[in-house]
Amino acid sequence: MHIPDGFLDPYMSAATYAAFLGYTAYSLRRIGGALDPSRASLVTVLAAGIFAAQMLNWPIPGGTSLHFVGGGLAGILLGPYLGFLAMFMVLLVQTLVFHDGGITALGANMLNMGIVAVLAGHYVYRGLRTRLGDFAAAFLGGWLSITLAGLAAGLEIGFSPSFGYYIDVTVPVMTMWHAVLGVIEGLATALIVVRVKAVLPEVMED
Amino acid sequence: MMEPLARYRRALLIIVALVLVSPVFGVILAEMVGYHEPLDVAAELVGLPDKSEELNWTPFFDYTVPGLPDTVGYIVAGFIGIAAILALGAVLQRVAARR
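Here the protein sequences come in this chain order: A and B.
Mapping the first sequence onto our numbering, position 98 (from 1) lands on 98, and the numbers just tick up by one.
If you want our numbering, it's the 1-based position in the second sequence plus 1000.
Please keep in mind that the hints were generated in silico from the structure rather than gathered at the bench.
Some hints here could point you the wrong way.
[Said to hold, decoys possible] With the Cβ distance kept under 10 angstroms, some of the chain A side facing chain B (calculated, not the full set):
no., residue
1, Gly-49
2, Phe-51
3, Gln-94
4, Gly-102
5, Leu-132
6, Gly-164
7, Met-174
8, Thr-175
9, His-178
10, Leu-200
11, Met-204
All residues carry an ideal CB built from backbone N, CA and C; glycine is no exception.
With the hints as extra help, turn the sequences into a complete structure.
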């Protein structure tokens, strides 16, 4: 899921950085006074948890594998702005310390995992939890978050004028595989949300 | 910083446990099955060039630690990453406390 250096042409790199920085400025304004020490601790612990969970790949014999992303979970637990902040902490450390994700692709990776995935998880869960219950709503939020993040990555790597246009290949491959493997993301998200709601109901974003 | 985080002691213990078992999934099983992601599949189909190693700046590239076997290095890298996130969290705490 982490786009490395070399996969994006300079135009796409610049465009995705612009979107990421614009959303960063907007988020910081929206977070405003909501960031008290207690919420800061929660953001930190969730970021550490997502970082650790992303190290556990799901190796599928003979097939294509994936790892937990956690953007949907962050959006459900923390909302669209603090969830973005948690994912930023994860991706910044992964990129700078481990070069997992390119520095030229940090904007794109943040757009996919820190914005698209977080917003999808947040709004799907909020929109469906009353009708479907917490588990089903969180499952769909987690599943859609990784599927849409995959679609966004497919668009970014396929829509690069300098490399030619490969959207007809990259978008179906990325969307299909993430939709299939995203079932695991959905299940993990749902189990964590239900557990957190049971033991720490006060941390759930309103 | 310590007091608010102490509230999440159980979560932090789970995070430590995840890091300790992570090489089973991230190194051993990943090598056994030839781990590759949908992004790798798409990149291979259209010939996108991965320039990560050419442009590398970190000694901990891809969760390795120089001089350590991959499995142990993966665990150490995990703790380095967690420490870096907690350090960012400490900055966040200071910002939050000033508001």
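Hints and how they fare:
1. Gly-49: holds (5 angstroms)
2. Phe-51: holds (5 angstroms)
3. Gln-94: holds (7 angstroms)
4. Gly-102: holds (6 angstroms)
5. Leu-132: Cβ of Leu-132/A sits 26 angstroms from chain B, so the hint is violated.
6. Gly-164: OK, holds: Gly-164/A within 10 angstroms of chain B, min 8 angstroms.
7. Met-174: Since the shortest Cβ distance to chain B is 5 angstroms, the answer is holds.
8. Thr-175: holds (9 angstroms)
9. His-178: holds (6 angstroms)
10. Leu-200: holds (8 angstroms)
11. Met-204: Where the cut-off is 10 angstroms and the nearest Cβ of chain B is about 14 angstroms from Met-204/A, the hint is violated.
In this structure, the earlier hints numbered 5 and 11 are contradicted, and the remaining ones agree with it.
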